[in-house]
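Asker: Spelled out from the first residue to the last, the chains are:
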Amino acid sequence: MSETTLTILASSIGNQIFVRLKGGKEFRGRLKSYDQHLNIVLEDAEELRQNGEPKKHGLILIRGDSIVLISPVPKS
Amino acid sequence: MSETTLTILASSIGNQIFVRLKGGKEFRGRLKSYDQHLNIVLEDAEELRQNGEPKKHGLILIRGDSIVLISPVPKS
Amino acid sequence: MSETTLTILASSIGNQIFVRLKGGKEFRGRLKSYDQHLNIVLEDAEELRQNGEPKKHGLILIRGDSIVLISPVPKS
Amino acid sequence: MSETTLTILASSIGNQIFVRLKGGKEFRGRLKSYDQHLNIVLEDAEELRQNGEPKKHGLILIRGDSIVLISPVPKS
Amino acid sequence: MSETTLTILASSIGNQIFVRLKGGKEFRGRLKSYDQHLNIVLEDAEELRQNGEPKKHGLILIRGDSIVLISPVPKS
Amino acid sequence: MSETTLTILASSIGNQIFVRLKGGKEFRGRLKSYDQHLNIVLEDAEELRQNGEPKKHGLILIRGDSIVLISPVPKS
Amino acid sequence: MSETTLTILASSIGNQIFVRLKGGKEFRGRLKSYDQHLNIVLEDAEELRQNGEPKKHGLILIRGDSIVLISPVPKS
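For the protein sequence lines, the chains are A, B, C, D, E, F and G, in the order given.
End of the first sequence = 122 in our numbering, gap-free, step of one.
End of the second sequence = 122 in our numbering, gap-free, step of one.
End of the third sequence = 122 in our numbering, gap-free, step of one.
End of the fourth sequence = 122 in our numbering, gap-free, step of one.
End of the fifth sequence = 122 in our numbering, gap-free, step of one.
End of the sixth sequence = 122 in our numbering, gap-free, step of one.
End of the seventh sequence = 122 in our numbering, gap-free, step of one.
I should point out that these hints are in silico values taken from the structure, not numbers from a laboratory.
One thing to keep in mind: the hints can contain errors.
Among chain E residues calculated to face chain D with C-beta under 8 Å, some are [as the list claims (entries may be wrong)]:
# : residue
1 : Thr50
2 : Leu84
3 : Leu94
4 : Gln96
5 : Ile113
6 : Val114
7 : Pro118
8 : Pro120
In this text, all values refer to a predicted model and were calculated from it rather than measured experimentally.
For each residue, glycine too, the CB sits at the ideal point set by N, CA and C.
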């Protein structure tokens, strides 16, 4: 295993990531920091909504144990 | 990782933060203290409600494992 | 962090506190003791009910991992 | 904290206690033993029911992590 | 505490026990072994059903963290 | 306790076992390996379905903390 | 136990795997890395949907404690 699972986070610092939580809530924001529990801090975070505009949260700390998946957002 | 996830809390001591719990309850209050389990103490805490006035709680201790996300409230 | 999260409990020994559990049950009683797992013992505990009189429990031990939040009840 | 949370159990050995589980099931019985995980053993245990007679279980071991609260039953 | 909670299991080896799981499923069988996580192995295990005949499972290993309560079945 | 709970798995390597998960899903397959967390690997695994044919999965790794019970399938 | 449960992952690096999460969501992608918590990173990941086209996610990190089962996809 030449690459650890957290490498995906290390290489996403400063970039947009997508996060899905247990229960289905989804967030997008710029990854500012993370730790080994998968707690993450996002800047300019937005909560995506089924219908309508995303809700803006600014800076948020998401607890790792609420997270189901994390995905880097491709730069367009 | 030059900045830990808890820095966001350290720099919010004495300031308003927003907290969302598992199940969707939301609180706002002045961060008085926290620990590494993400247990937090809020002063002048209010529980936000879908409809109507927030419910005032005063000083509250919220268990870390109930917390989904924490966000500093921008000073206006 | 000059003050730990548990200070709120240490300074509430002998005083009324309010406790909300996962699932929404709420209790009130005089804090007799607590430990680092947030297990707490209340004297003269009452279970608050949506409609009607609180249910009296006397002395109760509540497991910490059932607790969402704890709040000292202001002395009136 | 001159008294630990488990003191309430130590002083209830041989006496009736009331136990409420996650999900709301309730039991009553004579406390025979307990451990630091809050696993408890009850003698002459009964499961209380909303309607009708309690269900008799005899000797039971209840896992601590199923327990929400424990209360000594006052001697009448 | 002169007797540990697991004593009830130690003295039930080879005897019928009743087990209730989270979610309410119930099993009965002869206790073959257990460990400190409360994982248990039953022989001639049956799953009790609200209506109708028990379902026969033979030998089963039940994970401790699925278990709510265990009770020795009195010899008749 | 002359026999540990995991003995039932050790002696089932290469044989058919039945596995029930939290939520009720059921699988059957040949036990290839397991570990102390009760993570298990099944070969020629099938997911049993209430109605109709089992769904074939081939080789699967099931996380231990999803498992409720494991039972060796008697050789017929 | 000549083969550990994680061997199935080690030998799947670079190959397609299928992952089912708690709650029933299903993903497919090329396994890039994993760790001992069963956190996994998938490349070219797709989320399978009951009806219609899979949703493309690209690179994703899935938290181990959300995972129920993992299965290598046979090469066709």
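Asker: Evaluate each hint against the coordinates.
Answerer: Hint check:
The criterion of a C-beta within 8 Å of any C-beta in chain D is met by Thr50 of chain E, whose closest approach is roughly 6 Å, and the hint holds. At a threshold of 8 Å, the smallest CB-CB gap from Leu84 of chain E to chain D is about 6 Å, leaving the interface hint in force. Using the Cβ-Cβ criterion of 8 Å, the hint placing Leu94 of chain E at the interface with chain D is not satisfied: the shortest such distance is roughly 13 Å. Restraint check, Gln96 of chain E versus chain D: the minimum CB separation of about 14 Å is more than 8 Å; hint violated.
At a threshold of 8 Å, the smallest CB-CB gap from Ile113 of chain E to chain D is about 6 Å, leaving the interface hint in force. At a threshold of 8 Å, the smallest CB-CB gap from Val114 of chain E to chain D is about 5 Å, leaving the interface hint in force. A distance limit of 8 Å between C-beta atoms decides the matter here; for Pro118 of chain E the minimum to chain D is near 6 Å, and the interface restraint holds. A least Cβ separation of about 6 Å between Pro120 of chain E and chain D falls short of the 8 Å threshold, and the interface hint therefore holds.
The structure does not agree with the numbered hints 3 and 4 stated previously, though it agrees with the rest.
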